[in-house]
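As they're listed, the protein sequences go chains A and B.
Each step along the first sequence adds one to the number in the working numbering, with nothing skipped, and position 53 is 53.
Each step along the second sequence adds one to the number in the working numbering, with nothing skipped, and position 80 is 80.
The reader is advised that the hints may include incorrect statements.
[Unchecked claim] Simulated restraints on C-beta separations:
#1 B/E125 x A/K255: 27 to 33 Å
#2 A/L187 x B/N114: 47 to 53 Å
#3 A/W22 x B/N234: 46 to 52 Å
Because the hints were derived from the structure by calculation, they are not lab data.
Cβ atoms here follow ideal geometry from the backbone N, Cα and C, with glycine treated the same way.
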Amino acid sequence: MSAATSPSFSFSRIFAMVMRHWYLLRSSWPRLLELIYWPLVQMLMWGFLQSFMAKQTGALAMAAGTFLAAVLLWDILFRGQLGFSFSFLEEMWSRNLANLMISPLRPIEFVLSMIAMSLIRLVIGVVPVTFLAMFFFGFNFWGLGLALGAFFANLLLTSWAIGLLCAGLVLRNGLGAEGLTWSIMFLFLPLTCVYYPVATLPVWLQYISWMLPPTAVFEGMRALVLENVFRADLMLWALTLNIVWITLAGWGFMKLMHSSKRMGSLLSVGE
Amino acid sequence: MNVNVSPAAIEADRLTKRYGEATAVDAISFQIAAGSITGLLGGNGAGKTTTIGMIMSLVAPTSGRVSVLGFDMAHDAYRVLHRMNFESPYVDLPHRLTVRQNLTVFGGLYGVKNVQERIARLATELDLKDFVDRASGKLSAGQKTRVALAKALINEPDILILDEPTASLDPDTADWIRGHLERYRANNNATILLASHNMGEVERLCDRVIMMKRGKIVDDDSPAKLLSRYGRQNLEEVFLDVARGTGAAKKEAAE
Numbered sequence: 001m002s003a004a005t006s007p008s009f010s011f012s013r014i015f016a017m018v019m020r021h022w023y024l025l026r027s028s029w030p031r032l033l034e035l036i037y038w039p040l041v042q043m044l045m046w047g048f049l050q051s052f053m054a055k056q057t058g059a060l061a062m063a064a065g066t067f068l069a070a071v072l073l074w075d076i077l078f079r080g081q082l083g084f085s086f087s088f089l090e091e092m093w094s095r096n097l098a099n100l101m102i103s104p105l106r107p108i109e110f111v112l113s114m115i116a117m118s119l120i121r122l123v124i125g126v127v128p129v130t131f132l133a134m135f136f137f138g139f140n141f142w143g144l145g146l147a148l149g150a151f152f153a154n155l156l157l158t159s160w161a162i163g164l165l166c167a168g169l170v171l172r173n174g175l176g177a178e179g180l181t182w183s184i185m186f187l188f189l190p191l192t193c194v195y196y197p198v199a200t201l202p203v204w205l206q207y208i209s210w211m212l213p214p215t216a217v218f219e220g221m222r223a224l225v226l227e228n229v230f231r232a233d234l235m236l237w238a239l240t241l242n243i244v245w246i247t248l249a250g251w252g253f254m255k256l257m258h259s260s261k262r263m264g265s266l267l268s269v270g271e
Numbered sequence: 001m002n003v004n005v006s007p008a009a010i011e012a013d014r015l016t017k018r019y020g021e022a023t024a025v026d027a028i029s030f031q032i033a034a035g036s037i038t039g040l041l042g043g044n045g046a047g048k049t050t051t052i053g054m055i056m057s058l059v060a061p062t063s064g065r066v067s068v069l070g071f072d073m074a075h076d077a078y079r080v081l082h083r084m085n086f087e088s089p090y091v092d093l094p095h096r097l098t099v100r101q102n103l104t105v106f107g108g109l110y111g112v113k114n115v116q117e118r119i120a121r122l123a124t125e126l127d128l129k130d131f132v133d134r135a136s137g138k139l140s141a142g143q144k145t146r147v148a149l150a151k152a153l154i155n156e157p158d159i160l161i162l163d164e165p166t167a168s169l170d171p172d173t174a175d176w177i178r179g180h181l182e183r184y185r186a187n188n189n190a191t192i193l194l195a196s197h198n199m200g201e202v203e204r205l206c207d208r209v210i211m212m213k214r215g216k217i218v219d220d221d222s223p224a225k226l227l228s229r230y231g232r233q234n235l236e237e238v239f240l241d242v243a244r245g246t247g248a249a250k251k252e253a254a255e
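Full structure from sequences and hints, please.
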């Protein structure tokens, strides 16, 4: 090996990590099936519920009209975080993390590769389900138009911030913290008002809810579906919060990584 | 940038690691010459793995400093990691990926040019050809060790760190691996640091042996000089003297 320096940022290293996970996905049909299974189950359940409630009258029927859009956006948030976290957990499960940590792979490249995999998993898992929603219930998710881009970007940014923080906690505390990866997003389900307006919450809880970027996305989605209004103010608020969240998550991840080096936990990964 | 002008390939200066009240490595200092093979010996809990972890920047020292090829691993690890590599039976490669896929990934991470050619060469040198397209998790222990060594050599490292490279291998495969390491050092002037419990292996491969006990270096010399000083026939007996505080180790402790 020559003494030439290694570049401080390399797309080739990110590509190598993406290929590592792509090889894995390709070799394991249960992993591929799992990507699409839960979004499909959720879509069917909420789709049939929406169909049933649409036959009712009044506000209930109106509220139900947002269920399918809500569940598909929720899946972007939830699956985005899982897609990110899974890529990290795969390294823990395969006891490969030390190999990566002593390689020239920089933390930012590692994180970007997990972001890329989150997108790939999302495309495999959620995109086909949006077309199945059209087939089963006549709901055109893509009909949300350009607003969908704003919803999508904001939800993904939140999912990556949460995924990053979970990865840091697992890095520092080992697989004992793995459960957090699976469950943390469910705290967002009631607080971000996926299926009901923010006004439903007690006033004190509304303040907390508005600090969570997805709340603005789900509120914005309801405004679009029910009133045909795109709330750019809500998207900007979500983006501002996401920038703060991503910054804090990145800082937290680096702190937790340094802490894991102090604790020596990288040498006993998996325990 | 903290560039050290020392010719040592690896240098530890009062390197210490404490976990709470427990001291895993206690202010050890050593220099490892470029192109040498050095054995790091000690019983379980002697601090070998923690020392290796600090050399590779996987573990942050509590105090002291370690540098590799002149670069301080606490601050400049990324300036030298592409010239190092590591193999240990306690670290795996992803099981579902084939040997070729794993080596392709690590070739990409280390920026290896013409990685498929490099894999073909390693497959020949390490006799991987029969299973290079088989899933890594389906290999025998001996095959896995050879693949792990191929991963450790993918970037033709100047510094190769090996943690028990022949653990759980049959004598024939272990001997074969040792021969390959000797050739690699000779052809590349590589520096090899080897932690092992196999004294025969250390005696055969190492120019120098650093013996650790309870986080401290208790002896440091060539295998021949250690045998002479302890008045023993082989390194296993020396190791037992050091571990149990008997023989020459007892006399030295008394002095």
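Going through the hints against the structure:
no.	hint	verdict
1	B/E125 x A/K255: 27 to 33 Å	43 Å, violated
2	A/L187 x B/N114: 47 to 53 Å	49 Å, holds
3	A/W22 x B/N234: 46 to 52 Å	50 Å, holds
The structure fails to meet hint 1 from the earlier list, while all remaining hints are met.
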